[in-house]
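Kindly produce the complete structure, drawing on both the sequences and the hints.
Number of protein chains: 4
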Amino acid sequence: MDIEMIASLGLASAEKLADRALAAASEAGVNICVAIVDRAGYPLVFKRQPGAPFHSIDIALDKAYTAVSFGLPTAKWDKRLAEGSEMLRHGLMHRERFVSFGGGLPIKHEGQRVGAIGISGGSEAQDVAFCEAALAGL
Amino acid sequence: MDIEMIASLGLASAEKLADRALAAASEAGVNICVAIVDRAGYPLVFKRQPGAPFHSIDIALDKAYTAVSFGLPTAKWDKRLAEGSEMLRHGLMHRERFVSFGGGLPIKHEGQRVGAIGISGGSEAQDVAFCEAALAGL
Amino acid sequence: MDIEMIASLGLASAEKLADRALAAASEAGVNICVAIVDRAGYPLVFKRQPGAPFHSIDIALDKAYTAVSFGLPTAKWDKRLAEGSEMLRHGLMHRERFVSFGGGLPIKHEGQRVGAIGISGGSEAQDVAFCEAALAGL
Amino acid sequence: MDIEMIASLGLASAEKLADRALAAASEAGVNICVAIVDRAGYPLVFKRQPGAPFHSIDIALDKAYTAVSFGLPTAKWDKRLAEGSEMLRHGLMHRERFVSFGGGLPIKHEGQRVGAIGISGGSEAQDVAFCEAALAGL
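Chains as they are written, first to last, in the numbering used here: chain D, 669 to 806; chain S, 669 to 806; chain H, 669 to 806; chain U, 669 to 806.
Hints may contain errors.
Identical copies look the same in the list; a pair holds intra-copy or inter-copy alike.
Below, a list of computed lysine-lysine pairs in the DSS-like style, where the Cα atoms sit at most 27 Å apart [claimed, not checked]:
#1 Lys776 - Lys744
#2 Lys715 - Lys776
#3 Lys684 - Lys744
What the hints contain is simulated information worked out from the structure, not anything from laboratory work.
What follows is the structure in structure tokens.
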């Protein structure tokens, strides 16, 4: 049988990433939701600071899901889709669980994507910055 | 145990707000749906004037839900999203239960959001005006 | 304006509860999902041990949601619904996000429900035991 | 970073399994759908013989998804749930993408589940037999 060995983020690292994201958001005075998903897109850790928008729950999860699905920061879709037809741009944007704005980053280990982080609750730039702060310590 | 004490609108005030909204709409000769939600976005009072569009039921509920989720009048999203990328603008606009046009207002008490009102059935300007008329008496 | 002051679980306690649940499951050699929701049923913390069934993600969240919604351990519905008609039993069981088997417990503070815990991944008895182990330290 | 190495079925083996399932079904004169999913429950190969029921598309996918989610043949749920409360039995039976009748088998490699096969289109006994025929060659 041919078997693929797939590297996937563990729970302990996921917890650290989520906590670093919350610390960065707290410092900025913003309430966020943060989701850390494994290589398959399933949530390992999700945390929500009381006061974060309710919509941010699913947006954070979907940003992480999209980031690990394509292995691309969600903020990159803006430029990438600008090169395509309007049909492609709108068509992709309306697919279920696809998020094409900033706040989702793939998590890499030795060049391979092993999971992703998704954050929602601040401005687009803040959500991206909190993701980067979380991953900075890796 | 760490406990958050969350201020949330009571039923009696919700009823007064809904009735003031209906009175304003009746005076303008418009049939509307009005939803008053608590701090968690759950409906406290919903009223529909016979003749109001069927679509307005969910629109009113979603306007109130969006207003309390972000603590922002739904009419403000037009300008706020104009500053963001097309991806953010369209991405947010298509999130479930997110409404980015006028007719939803957060309800504040001593500076905190405690609930929201959502109205649908008139023009966008009318829905906003009925919301404001309802809140004017607070 | 009449305002309700609602006591709701904070993030720090939610994290401790989730970690105690995971510790109990690890000791039993079972992979689980655990969800801690606030008084409004929104997730504060969700954690999944790699290897836990995928179905358990939503089951854990729905158990916690049901437990805080009614203020009743989800395991109590078995007996409670046995007293009702078959129509009620089946009707309730098929409502969205309603879970009527064990593994969801309301979290109380000074007699009031302030949130809930939901666990899925073990047998029904194990899920209940892990919930109780998590709450035992309160 | 803590990383889990997850063994997951490759495409070449998935193709062989699907083709063996189709051969077994053709020999029996039955039109089926067969789905082979990886360790994460995502489809690697799906094939449908023209004439297979339309409902079988999702049933085959969900059988495979359920089998890999729990690591249990879907036919085993009948007996397992008979030991539980009516609430657990019915509650689980109605969860999204959960299938508790025969026709889904986990695929194991060196004792670990690496994927699953789901078949729908024949009788329950036939679907199980086609799954077993597909896995027999491993």
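Each hint, compared with the structure:
For the homomeric pair Lys776 and Lys744, the shortest alpha-carbon distance inside one copy (16 Å) is at most 27 Å, but the shortest distance between copies (37 Å) is not. For the identical chains of this complex, Lys715 and Lys776 are neighbours both inside a copy (21 Å) and across copies (21 Å), given an alpha-carbon limit of 27 Å. Proximity of Lys684 and Lys744 under a CA criterion of 27 Å is satisfied intra-copy only: 25 Å inside one chain copy versus 36 Å between copies.
The structure is consistent with each of the numbered hints, conforming to all of them.
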